[in-house]
Amino acid sequence: MKPSVVIALAAVLVAAQYASLADAYGPRVIIVGAGMSGISAGKRLWESGVRELLFLEATERVGGRMHKHNFGGLNVEIGANWVEGIGGERVNPILPIVNDTLKLRNFYSDFDSVVGNFYRENGGLYDKDYVQKRMDRADEVEDLGANLTKMMDPSGRDDISILAMQRLFNHQPNGPSTPVDMALDYYKFDYEFAEPPRVTSLQNTEPTPTNADFGEDSNFVADQRGFESIIHYIGSSYLSTNANGKISDRRVLLNKVVRQIAYNNRGVVVKTEDGSSYAADFVVVSTSLGVLQSDLIQFKPQLPFWKIFSIYRFDMAVYTKIFLKFPRRFWPVGDGKQFFVYASRRRGYYGMWQSFEREYPGVPVLLVTVTDDESRRIEQQPDDVTKAEAVAVLRKMFPDVDVPNATDIYVPRWWSNRFFKGSYSNWPIGVNRYEYDQLRAPVGRVYFTGEHTSERYNGYVHGAYLAGIDSADILINRIFKNEEYKVRGKYEDQAAEVNGQVAEAK
Numbered sequence: 001m002k003p004s005v006v007i008a009l010a011a012v013l014v015a016a017q018y019a020s021l022a023d024a025y026g027p028r029v030i031i032v033g034a035g036m037s038g039i040s041a042g043k044r045l046w047e048s049g050v051r052e053l054l055f056l057e058a059t060e061r062v063g064g065r066m067h068k069h070n071f072g073g074l075n076v077e078i079g080a081n082w083v084e085g086i087g088g089e090r091v092n093p094i095l096p097i098v099n100d101t102l103k104l105r106n107f108y109s110d111f112d113s114v115v116g117n118f119y120r121e122n123g124g125l126y127d128k129d130y131v132q133k134r135m136d137r138a139d140e141v142e143d144l145g146a147n148l149t150k151m152m153d154p155s156g157r158d159d160i161s162i163l164a165m166q167r168l169f170n171h172q173p174n175g176p177s178t179p180v181d182m183a184l185d186y187y188k189f190d191y192e193f194a195e196p197p198r199v200t201s202l203q204n205t206e207p208t209p210t211n212a213d214f215g216e217d218s219n220f221v222a223d224q225r226g227f228e229s230i231i232h233y234i235g236s237s238y239l240s241t242n243a244n245g246k247i248s249d250r251r252v253l254l255n256k257v258v259r260q261i262a263y264n265n266r267g268v269v270v271k272t273e274d275g276s277s278y279a280a281d282f283v284v285v286s287t288s289l290g291v292l293q294s295d296l297i298q299f300k301p302q303l304p305f306w307k308i309f310s311i312y313r314f315d316m317a318v319y320t321k322i323f324l325k326f327p328r329r330f331w332p333v334g335d336g337k338q339f340f341v342y343a344s345r346r347r348g349y350y351g352m353w354q355s356f357e358r359e360y361p362g363v364p365v366l367l368v369t370v371t372d373d374e375s376r377r378i379e380q381q382p383d384d385v386t387k388a389e390a391v392a393v394l395r396k397m398f399p400d401v402d403v404p405n406a407t408d409i410y411v412p413r414w415w416s417n418r419f420f421k422g423s424y425s426n427w428p429i430g431v432n433r434y435e436y437d438q439l440r441a442p443v444g445r446v447y448f449t450g451e452h453t454s455e456r457y458n459g460y461v462h463g464a465y466l467a468g469i470d471s472a473d474i475l476i477n478r479i480f481k482n483e484e485y486k487v488r489g490k491y492e493d494q495a496a497e498v499n500g501q502v503a504e505a506k
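The numbering used here puts the first residue of the sequence shown at 1, with every later residue one more than the last.
For the record, the hints were derived by calculation from the structure and aren't laboratory data.
All values derive from a computational prediction rather than experimental measurement.
Do not rely on the hints blindly, as some may be mistaken.
[What the hints assert, rightly or not] The list that follows gives simulated cross-link-like pairs (lysine-lysine, DSSO-like), each with its CA atoms no further than 27 Å apart:
| no. | residue 1 | residue 2 |
| --- | --- | --- |
| 1 | K396 | K133 |
| 2 | K337 | K256 |
| 3 | K387 | K421 |
| 4 | K256 | K300 |
| 5 | K150 | K421 |
| 6 | K421 | K246 |
| 7 | K133 | K337 |
| 8 | K256 | K246 |
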């Protein structure tokens with residue numbers, strides 16, 4: 001008998017066994033991944049009465065892309081770092097946990113002052129008024145793009161890239177081209193979405209739902225307990241924790257790399273790289289979009305074409321925060337000096353810098369952010385080369401200052417890591433709510449969650465948190481109400497709107 005047939009039969013037998021147990025003890029659910037979405041989904045399932053939960057986490061830790069790293073004796077965030085979306089009428093659900101419950105140290109990010117800190121390629125600051133004028137024009141074009149979005153068909157068929165919108169309103173055939181305009185463009189878009197305007201959807205990012213719903217301010221979390229402590233707090237309501245408040249529950253298995261998910265109409269069997277197999281009634285896959293787009297996990301049978309197609313429609317972006325430590329501080333500090341920009345003719349080349357005078361007082365550390373192709377390039381070269389490149393840029397920015405060599409560097413490699421394959425999802429051109437319905441839709445007893453399944457908040461911490469709840473609710477409806485998830489038709493909203501208009505006219 002072929003090995004594949006043996007595995008399939010085993011899946012049927014073991015899953016059938018648990019299916020029969022479900023009647024007496026409730027369904028057993030495996031959650032693949034112990035990041036924000038997985039832990040959030042587990043909490044929702046637990047609260048609904050689903051108590052047979054098992055987490056299979058590929059890495060040695062809980063937290064996913066919320067990850068603190070000890071850099072020269074200082075815990076820094078190499079993944080998610082900001083509570084984004086503050087100051088609006090609605091409250092970002094992450095903010096009360098940060099401020100009121102855990103009281104994590106966090107600081108307002110003064111992005112408005114960035115226009116006064118644009119450095120020429122060969123040193124010296126650009127005139128602030130000139131940069132502000134260019135920023136005002138970029139903001140004007142962005143507002144025109146947001147107005148254009150309101151006129152577009154909800155199906156997404158009219159969608160264009162942000163770059164196409166810039167061409168339309170800014171009369172720049174190839175988009176921003178001067179060093180200042182390119183740096184501003186990078187700051188406004190790549191620094192947020194981790195991909196350039198030529199690939200990013202206008203319709204689904206202008207305005208950004210996070211800003212529209214929760215506000216335009218952002219707070220930088222700089223607590224030695226780590227931003228990931230939010231996940232441990234959420235999990236602590238139903239999982240055991242240690243004396244430090246970290247999840248240490250026997251139902252959370254670490255270093256369990258899922259390589260195969262076999263499923264049928266009776267149950268699922270999840271096989272890990274160490275040869276272990278785990279049977280359940282359902283599985284919730286909370287891996288990153290990048291992992292779904294890779295060959296790490298094999299589905300048996302293969303996922304249907306509509307599901308595979310939806311997975312590959314979306315982009316997994318790369319956002320790299322490079323930390324550099326120096327023997328002393330040489331950069332300007334004080335009010336309005338938190339962020340500074342290197343306006344290079346090479347777009348995105350060590351452009352966005354951040355100092356930590358308030359966050360980590362007295363610690364001579366700088367953060368420089370790169371994205372997309374620069375991230376991939378840097379991930380593939382030795383850290384000493386990256387350190388030399390970054391210091392060379394600083395010496396160009398500050399030609400009259402004695403810029404010392406960096407004593408240490410840390411370069412996260414999210415793209416190269418097979419358990420992540422990127423930092424977070426980006427919404428590309430031509431994708432709309434219909435494709436998001438497909439992306440989060442279950443296939444039989446296999447369910448999906450993650451920030452990439454959040455229609456309004458993909459790419460954000462609050463998006464991951466809310467996606468876990470939403471995906472759990474889909475499964476809860478299946479378990480307790482026997483309701484199948486329905487992917488709405490691509491033009492369903494339009495038809496409802498037209499019918500409503502006709503009824504009103506009558």
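Okay, which hints does this one fail, numbers in order?
2 and 5
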